[in-house]
Amino acid sequence: MPIDTGSTGFMLIATALVMFMTPGLAFFYGGLVGRKNVLTIMFQSFISLGITTVIWFICGYSLCFSGSLGHGDFAGIVGNLDMAFFRGVDLMGPSPMNPGVPVMVFVAYQMMFAIITPALITGAFANRVRFPAYLLFLVAWLILVYFPLVHMVWGGGILAAWGVHDFAGGIVVHTSAGFAAFASVLYVGKRRASDKGLHSLPLVALGTAILWFGWYGFNAGSEFGVDRITGLAFLNTDLAASFAGPTWLLLDWIFTRKPRFLGFLTGCVAGLATITPCAGFVSTPSAVIIGILASCACYLAVHLKNKAGLDDALDVFGVHGVGGFLGTVLLGVFGTAAMTLPGRDPSLLASGLVDGHADLLVKQSAAALGTAAYAFCFTLFMLWAINKVTKVRVSEKEELAGLDMIEHGEEAYV
Amino acid sequence: MASRRDGRTGRRPADERAGILFLVAILAAAFFPAVLTEFDSAALLKAVAAAMAQSKLPERISPASEGQPATIPEILVRPTLLAESPTATSPTTEASPDPLDVVSPSDAPCPQGPPGLVPSPRAPPRIA
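From first to last, the protein sequence lines stand for chains A and B.
Taking the numbering used here as reference, the numbering of the first sequence is continuous, increasing by one, and the terminal residue is 414.
Taking the numbering used here as reference, the numbering of the second sequence is continuous, increasing by one, and the terminal residue is 128.
FYI, nobody ran anything at the bench for these hints, they're computed from the structure.
Watch out, some of these pointers could steer you wrong.
[Said to hold, decoys possible] Straight-line alpha carbon distances no greater than 25 angstroms define the calculated DMTMM-like cross-link-like pairs of lysine to aspartate or glutamate that follow:
1. A:Lys-196 / A:Asp-359
2. A:Lys-305 / A:Glu-396
3. A:Lys-388 / A:Asp-311
4. A:Lys-258 / B:Asp-15
5. A:Lys-190 / B:Asp-15
6. A:Lys-190 / A:Glu-398
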């Protein structure tokens, strides 16, 4: 089949946009922490660009996309090693989702998702985790949690076979990272130092802007080509973020009596995370509703988390976990057959309650719950196991001194 | 909580109230029409209406007088029963278990999507 130059060009740009989200996340988190821990958290994001790519080349792509349920994978949970070291990723090979786009573009695009997902978790245990332990965590989490989830949902595994839908990563990226963050918070405990942050709101704003910009590639690119759904996903992404931001602002204004900039930025990210699984499956009015509901649910989650005394430093669980979970469930409500292309494979239709079908809602809810439990349990187990090899948490003295100097021998501000 | 910390308790100043009301107004102006757009004509409501009509049906059947067949008020005829009528496009002899699967004569044929999915009449035009 001849190459679809338009779609291939768009996908290369979308891949670059998703790559840019990881530095954006580093700025977002960097601004939220204290001055003595900026480099540590930014480095935890940036290092994923290198380490995850290495793991992706060795076995990641293969574990995600080789084999399918009943065809050479492991019980529909994880793929095999047939494509380890990119074996079979040929110059002339078509991508699985769009034969007009080279397979290498697909490999690169999916790799960017793998890079940012574990980096999301780092916001939960900011200022507390040692760098060697984080490196082990990064690799183990990818292999034991992320790759199996990608295979189950996007690689022809059991959830895909069951009819679960996830347009751009509500289950695979946000629910998994959010509940892994929740487990991390429970395992590492509270921060002891006073240098908690926030230290630079402009840095947070810059990070949010980059994340939002990259999210167009994240969601619209998940159509894996240029068609009318690409435009729908793009517009829905913007709508959800734009309605979620003012909603959070309103809630902040009512409950804290200040229209806080940070609240607006957090709301935008909550809207973006929540629309992710729905972006190409729902109508634009649905995206508006989803954006507003996203902020309400995430705001409540963050409030309850604070009340419970959990030190999820940068609200990864409250925003990404709850947002991803909510979006996955809401797809079962707002997914509609009206938002599809003529002649599209019926298995790709997400037809929910608005079409009068309740089965998708049941499947989406079950998948979200299962993913949350899976990510939570494996993360907790992993941290426990890593702690047997090397200490996960820094000492109180190190925490007080700040991790930038203690762990890396560098300072952000001199 | 924050209000106590900031020492700002009591009635909100007028500009603060105006700001909050402004946000509430524009969000509500978007939210409720969006909900109505998605739900008022959605098949969900049709399914609920059909289920309600079905549950009332036995009470409203006119008692058959001797030698006369029972009559059912026309407005309470279930869609599934309509499908069995000679005017229905589908010559089914059994009632469909899902009222949404019934194709009425006025419904345009589904241009796309899997068999059995009837698009909402208020749904936006299909993307060509």
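Status of each hint after checking the structure:
A distance of roughly 45 angstroms separates the Cα atoms of Lys-196 (chain A) and Asp-359 (chain A); the hinted pair therefore is violated under the 25 angstroms criterion. A distance of roughly 24 angstroms separates the Cα atoms of Lys-305 (chain A) and Glu-396 (chain A); the hinted pair therefore holds under the 25 angstroms criterion. Of the supplied pair hints, the one linking Lys-388 (chain A) and Asp-311 (chain A) holds, its CA atoms being roughly 23 angstroms apart against a limit of 25 angstroms. Of the supplied pair hints, the one linking Lys-258 (chain A) and Asp-15 (chain B) holds, its CA atoms being roughly 12 angstroms apart against a limit of 25 angstroms.
A threshold of 25 angstroms between alpha carbons decides the hint, and for Lys-190 (chain A) with Asp-15 (chain B) the separation of about 39 angstroms lies outside it, so the pair is violated. Under the criterion of a C-alpha separation no larger than 25 angstroms, the hint pairing Lys-190 (chain A) with Glu-398 (chain A) is consistent with the structure, at around 14 angstroms.
Of the numbered hints listed earlier, those contradicted by the structure are 1 and 5.
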